[in-house]
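Asker: Sequence:
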Amino acid sequence: METNTDRSRLARPATAVAPTLLGGLFSHDDGVSRVTVRITEVEAYLGADDPGSHAFRGQTPRNSSMFGAPGHLYVYFTYGMHYCANVVCGEPGQPTGLLLRAGEIVEGHETARARRKSPRLDLDLARGPARLAQALGLDRTLDGADLFAGPLSLTLPGTPVDQAAFSSGPRVGVAGAGGSTAYPWRYWLTDDPTVSRYRAAKPRAARTVNG
DNA sequence: CAGTCGATCTGCT
DNA sequence: GCAGATCGACTGA
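Per my numbering, residue 937 is the first one in the first sequence, and the count goes up by one each step.
What the hints contain is simulated information worked out from the structure, not anything from laboratory work.
Please read these numbers as outputs of a predicted model, since none were measured by experiment.
A couple of the hints might just be wrong.
Stated by the list, open to error - Derived pair list, reagent style EDC-like, types lysine to aspartate or glutamate, alpha-carbon separation capped at 20 Å:
| hint | residue 1 | residue 2 |
| --- | --- | --- |
| 1 | Lys1053 | Asp1075 |
| 2 | Lys1053 | Asp985 |
| 3 | Lys1053 | Glu1043 |
| 4 | Lys1053 | Glu1040 |
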């Protein structure tokens, strides 16, 4: 008997789960205060066939939670200073998940503002995957944490958003083939102001080494 | 507003 | 060594 239907809904490839996550609520209670976002933008990553996925080249200590049971969090550290969080999907062993790219803060504005450096607008508090993770206070200590117990909680909408209410397109910041239109695996609530601005993945400019 | 660049962890070559 | 699922500060119009 499945006592948690939301968890079982996640036991599918991330591309199938993505639209059902939009409009859902994700909370982190650190023991002092709770911050909740309404999810407005996600990005799907699949395993073996997805060159844009961290799991494409197999399991490593960093990405191992992606290979675990659905309904858990995968948090990674990147670019030397940012955390990003994924909802692990698929059956155990299938490294598929959804990167939380943007959301609207609906609870804990003051805590979220305090965690973020200098947000000019509340709309920017969780606009972008690293911003969202920072506003929610997510870091590697929460990697692998259950989304349906403990400090985290995930609530999917009772009925998924209407098909006319969301859009999909190429992923952001994924270089090479993984970012092409062959993988239109970014999903967002159409016209939502908290959705992150699209920026095409661009190879970093070659830096002059010695002037 | 568009372009550029630093921060400095992680995994693969 | 190097590039990366990024952000924010800074530059020059």
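Asker: A separate judgement is required for each hint: does it hold in the structure or not?
Answerer: Here is how each hint holds up against the structure:
1. Only pairs whose Cα atoms come within 20 Å are accepted, and lysine 1053 paired with aspartate 1075 is accepted, the gap being roughly 16 Å.
2. For the hint pairing lysine 1053 with aspartate 985, the CA-to-CA distance comes to about 37 Å; that exceeds 20 Å, so the pair is violated.
3. At most 20 Å may separate the alpha-carbon atoms for a hinted pair to count; lysine 1053 and glutamate 1043 meet this at roughly 18 Å.
4. At most 20 Å may separate the alpha-carbon atoms for a hinted pair to count; lysine 1053 and glutamate 1040 meet this at roughly 17 Å.
In summary, the structure is inconsistent with hint 2 from the numbered list given earlier, while agreeing with all the others.
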